[in-house]
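First to last, the sequence lines map onto chains A and B.
Going by our numbering, the first sequence opens with residue 71, and the numbers climb by one from there.
Going by our numbering, the second sequence opens with residue 35, and the numbers climb by one from there.
Check the hints yourself; a few may be wrong.
Here are the computed distance ranges between Cβ atoms for each label pair [unchecked claim]:
| # | chain 1 | residue 1 | chain 2 | residue 2 | range |
| --- | --- | --- | --- | --- | --- |
| 1 | B | Ala49 | A | Thr301 | 52 to 60 Å |
| 2 | A | Lys179 | B | Lys255 | 23 to 31 Å |
| 3 | B | Leu410 | A | Ala243 | 49 to 57 Å |
| 4 | B | Val77 | A | Asp158 | 43 to 51 Å |
| 5 | A | Gly216 | B | Ala64 | 50 to 58 Å |
| 6 | A | Asp158 | B | Leu86 | 47 to 55 Å |
| 7 | A | Ala243 | B | Gly258 | 42 to 50 Å |
Only pairs whose alpha carbons sit at most 27 Å apart, straight line, appear in this in silico DSS-like list of lysine-lysine [unchecked claim]:
| # | chain 1 | residue 1 | chain 2 | residue 2 |
| --- | --- | --- | --- | --- |
| 8 | A | Lys233 | A | Lys178 |
| 9 | A | Lys178 | B | Lys241 |
| 10 | B | Lys47 | A | Lys179 |
| 11 | B | Lys245 | A | Lys178 |
| 12 | A | Lys205 | B | Lys241 |
| 13 | B | Lys47 | A | Lys178 |
| 14 | B | Lys245 | A | Lys179 |
| 15 | B | Lys331 | A | Lys205 |
| 16 | B | Lys255 | B | Lys241 |
| 17 | B | Lys331 | A | Lys178 |
| 18 | B | Lys255 | A | Lys313 |
| 19 | B | Lys245 | B | Lys255 |
| 20 | A | Lys233 | A | Lys194 |
| 21 | A | Lys179 | A | Lys194 |
| 22 | B | Lys47 | B | Lys331 |
| 23 | B | Lys255 | B | Lys47 |
| 24 | A | Lys233 | A | Lys313 |
| 25 | B | Lys331 | A | Lys313 |
| 26 | B | Lys331 | A | Lys194 |
| 27 | A | Lys194 | A | Lys205 |
| 28 | A | Lys313 | A | Lys297 |
| 29 | A | Lys205 | A | Lys178 |
| 30 | A | Lys179 | B | Lys417 |
| 31 | A | Lys178 | A | Lys194 |
| 32 | A | Lys194 | B | Lys241 |
Simulated from the structure, these hints should not be mistaken for laboratory data.
Computed from a predicted structure; not experimentally measured.
Glycine is no exception: its CB is placed at the ideal position from the N, C-alpha and C atoms.
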Amino acid sequence: MAQPILSLRSINKSFGPVHVLRDVNLDVYPGEVTALVGDNGAGKSTLIKCIAGIYTPDSGQYLFDNNEVQVHGPRDATALGIEVVYQDLALCDNLDIVHNMFLGREQKKGMVLDESAMEVMARKTLDGLSVRTVKSIRQTVSSLSGGQRQTVAIARAVLWNNKVVILDEPTAALGVSQTEQVLHLVRRLADSGIGVILISHNLNDVFEVADNIAALYLGQMAAQVRKADVTSNQVIELITTGKSAGVASIGANS
Amino acid sequence: MSTEVEVTVHPLKGAAQDYWSRIKSGDIGALPAVLGLLVLCAVFSVMQDSFLTPGNFANLLTQAAAVIVIAMGLVFVLLLGEIDLSAGYSSGVCGAVLVILVTNHNFKWWIAFPISIVVGIALGLFIGWLVSFLGIPSFVVTLATFLAFQGLLLLLAGEGGTIRMEDPTVLSVENSNMNVSISWIFYIACGAMYVLSGLRRVYARRKVGLKTELMQLWVLKTVGLLGVTGIAVYALNLERSNNPQLVSLKGIPYVVPVILFLLVIGTFVLNRTAFGRHLYAVGGNAEAARRSGINVKWVRISAFIICSALSAVAGLIFASRQNSVSPTTGGSSTLLYAVGAAVIGGTSLFGGKGKMRDAILGGLVVAVIDNGMGLLGYAAGIKFIVTGLVLLISASVDAISRKGGGS
């Protein structure tokens, strides 16, 4: 198997007396979808915030491309090529699709925004993801459907040739066909060589697109397993009890 | 890979349909202000003969100027969903600084004016810092500075005191006009620049194969704008003195190019620079902006700084118009007229939506009400009530269109 692009080793994180993450290990492989599952309060959000640099872990190793790195803020994570698509998408409704995709990283000619270059690049990225549902990329985001917004947020994440893209419950608020579209998009992301972390409560989604599954239980990594090696029931067991008989963990969790 | 995206039947009809659906979805733009302006002008010219005269038109522009400039500054703050209630008195304080330096200390205007702008920047920095770093709602901060700046102005002017402004350059801003030929040259130059920049944009987009605005539509808009402004310039170039033998009064008031300059610079900053884009982003979704790596605090502070710096420009216009600065300069209804101007023009009180031109359109609406009702002999009380109502109507339009936008 390929080397993981991102590895976490023995990550600990506490908030005051609450020990949220205990010795968590996680491996993310390029070209694969790693599903991160776990019950509410298991530590999924804290874990991705540690990856994204929003929280700094109390202890543990953060390896990127086999090199230990220090991530002290969102900018550090962005500089590594890690991009998070949050559940609330963090889009500005009053701006159009191109503006949103380039928000905070506008292309400039001198001090003037290079709108044409941005529009061309945005178009290319959306075409690369085979997105055909958006009529005009100059319409404001407020006029888009939930699935289209998710698409814009994901397209923004891949615009910069990122290596790891974290998707926080991308299908939570979507209808059936839009969920299907977004899952296809997730698959295409991985197929293009990006390491995708997919956080989801929906095991159907997880089994549809994931290559491997990491289950958190009360702040500990219960197991990270290949999808082919487990059944849905075993994953539910991992989520609810933290262990399941006959599950072979991969990576550092074995 | 140019797939045929050409519109099928009537291109202009398609554009009109697009526009109509935008309006229905709550994106009404400048429509209410333009319609309001037309209706008001029509009503006042029917009711009062002296309304639609070149003299009154020029008067209207000079009356509106200070409020328009303050409103331009407020657009930056309103874009963030914040407010600066003290912008009126900021202009008073900065105007007082200017006048004191020029009159009492014999500074040249071109030294005193930058100093007054620096004072404005300092005031804006103070407000912005309190809002941004201490997290006090801007409403409260600027309510406090509203009172404090009023006090500062009182101290600067001396109680009951009025400081006269005698510098000819400052006075000419509101009281003198370009001569007729210069006015036309100015109009032609501005028009040419407008047309050229529009064409350049179209060709830059064509060059990289992007869809451009419909050419017919662009021509229509440009011709319309140039036509209306051409008529305005023509009207301003008519003799408007009661006694032309004694003193001739014609041409564009100098304050007009000042406002146009601010309009161009402000529009450039808002539309063409990353900073402007960040202003819209913070106003639209501050959390999204923060996560995109935008320095939200700095954007906030700079909006307040720009607002107060533009207030300083308004301070000069006040000093020029009143020939002096008094403890009421920038006080009474100034600020509310300025906020009204921005909102009537189409700037949203909820942040994220607004343009420089809103300040001008809305400022003209406010000035027309003020001017027209004054000519009709209504009491100041009635004028305030009507202006208040117009502000309420535009704020309702803003709130309702926001709902219609369905976000």
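Here's how the hints hold up against the structure:
| no. | hint | verdict |
| --- | --- | --- |
| 1 | Ala49/B / Thr301/A: 52 to 60 Å | holds (57 Å) |
| 2 | Lys179/A / Lys255/B: 23 to 31 Å | holds (25 Å) |
| 3 | Leu410/B / Ala243/A: 49 to 57 Å | holds (56 Å) |
| 4 | Val77/B / Asp158/A: 43 to 51 Å | holds (47 Å) |
| 5 | Gly216/A / Ala64/B: 50 to 58 Å | violated (31 Å) |
| 6 | Asp158/A / Leu86/B: 47 to 55 Å | holds (53 Å) |
| 7 | Ala243/A / Gly258/B: 42 to 50 Å | holds (44 Å) |
| 8 | Lys233/A / Lys178/A | holds (24 Å) |
| 9 | Lys178/A / Lys241/B | holds (17 Å) |
| 10 | Lys47/B / Lys179/A | violated (35 Å) |
| 11 | Lys245/B / Lys178/A | holds (20 Å) |
| 12 | Lys205/A / Lys241/B | holds (22 Å) |
| 13 | Lys47/B / Lys178/A | violated (35 Å) |
| 14 | Lys245/B / Lys179/A | holds (20 Å) |
| 15 | Lys331/B / Lys205/A | violated (35 Å) |
| 16 | Lys255/B / Lys241/B | holds (23 Å) |
| 17 | Lys331/B / Lys178/A | holds (22 Å) |
| 18 | Lys255/B / Lys313/A | violated (69 Å) |
| 19 | Lys245/B / Lys255/B | holds (18 Å) |
| 20 | Lys233/A / Lys194/A | holds (18 Å) |
| 21 | Lys179/A / Lys194/A | holds (20 Å) |
| 22 | Lys47/B / Lys331/B | violated (45 Å) |
| 23 | Lys255/B / Lys47/B | holds (15 Å) |
| 24 | Lys233/A / Lys313/A | violated (31 Å) |
| 25 | Lys331/B / Lys313/A | violated (46 Å) |
| 26 | Lys331/B / Lys194/A | violated (33 Å) |
| 27 | Lys194/A / Lys205/A | holds (14 Å) |
| 28 | Lys313/A / Lys297/A | holds (16 Å) |
| 29 | Lys205/A / Lys178/A | holds (26 Å) |
| 30 | Lys179/A / Lys417/B | violated (48 Å) |
| 31 | Lys178/A / Lys194/A | holds (18 Å) |
| 32 | Lys194/A / Lys241/B | holds (16 Å) |
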